[in-house]
Amino acid sequence: MIKRLRRKIKKVFRELLLYHNSSLEYRAKLFTLVIASTGEMSSCEEQLLEELSCTVYNEDEERSEILVEAVKEYLDKIITNNGLDFDHLIFQVEKETKAVKRFSQKINIDELKRFQACIKNEDDKIYQQRVIEYLGRLKEQYGSV
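In this note's numbering, the protein residues as written are 9 to 153.
Please keep in mind that the hints were generated in silico from the structure rather than gathered at the bench.
Be a bit skeptical, because a hint or two may be false.
[Claimed, not checked] Straight-line C-alpha distance at most 20 Å; calculated SDA-like pairs for lysine to any residue:
(1) K114 - Q124
(2) K121 - V101
(3) K114 - S50
(4) K80 - T63
(5) K106 - S30
(6) K109 - Q124
(7) K109 - E58
(8) K103 - N116
(9) K147 - K85
(10) K133 - S50
(11) K103 - Q113
(12) K103 - K147
(13) K121 - Y142
(14) K80 - E58
(15) K109 - V64
(16) K80 - D131
(17) K85 - E54
(18) K109 - E54
(19) K114 - Y34
(20) K121 - K85
(21) K121 - D131
Note that the structure is predicted; figures quoted are calculated from it, not measured.
Sequences and hints are given; from them, build the entire structure.
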């Protein structure tokens with residue numbers, strides 16, 4: 009009960025209470041771009057997201073759950089057109105990658121490509137692949153040397 013309440017408080021006050029919040033938000037935006045390129049999040053994508061978030065945060069369950077929730081929030085905003093759309097999210101990711109060079113290290117193309125296995129529609133798969141390639145170019149362009 010207390011653990012759940014603590015997570016809800018951290019979710020609401022993520023920016024103030026979470027160490028390296030900007031890093032978590034950036035990762036959430038990356039995952040959201042890849043998932044949103046196909047529309048709704050499938051159960052396969054959700055399961056993979058949970059698995060990858062555990063891997064990224066070395067089994068830190070709380071931080072991992074916050075990442076998953078952040079992705080779901082961004083995805084919901086895109087789907088409902090509630091102050092965020094896909095193009096704007098792409099712009100935000102590019103802007104943040106350019107401004108904070110270390111963020112480019114957080115773009116893991118191999119992890120993002122794993123989402124391809126969840127897609128059945130060939131057109132969606134091609135579109136998602138282009139989004140992943142774009143993120144790869146961002147990583148190359150703004151990656152710290």
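Verification of the supplied hints:
no.: 1; hint: K114 - Q124; in the structure: holds, 19 Å
no.: 2; hint: K121 - V101; in the structure: holds, 18 Å
no.: 3; hint: K114 - S50; in the structure: violated, 24 Å
no.: 4; hint: K80 - T63; in the structure: holds, 18 Å
no.: 5; hint: K106 - S30; in the structure: holds, 14 Å
no.: 6; hint: K109 - Q124; in the structure: violated, 27 Å
no.: 7; hint: K109 - E58; in the structure: violated, 26 Å
no.: 8; hint: K103 - N116; in the structure: holds, 18 Å
no.: 9; hint: K147 - K85; in the structure: violated, 25 Å
no.: 10; hint: K133 - S50; in the structure: holds, 13 Å
no.: 11; hint: K103 - Q113; in the structure: holds, 15 Å
no.: 12; hint: K103 - K147; in the structure: holds, 12 Å
no.: 13; hint: K121 - Y142; in the structure: holds, 12 Å
no.: 14; hint: K80 - E58; in the structure: holds, 11 Å
no.: 15; hint: K109 - V64; in the structure: holds, 19 Å
no.: 16; hint: K80 - D131; in the structure: violated, 23 Å
no.: 17; hint: K85 - E54; in the structure: holds, 17 Å
no.: 18; hint: K109 - E54; in the structure: violated, 28 Å
no.: 19; hint: K114 - Y34; in the structure: holds, 8 Å
no.: 20; hint: K121 - K85; in the structure: violated, 23 Å
no.: 21; hint: K121 - D131; in the structure: holds, 15 Å
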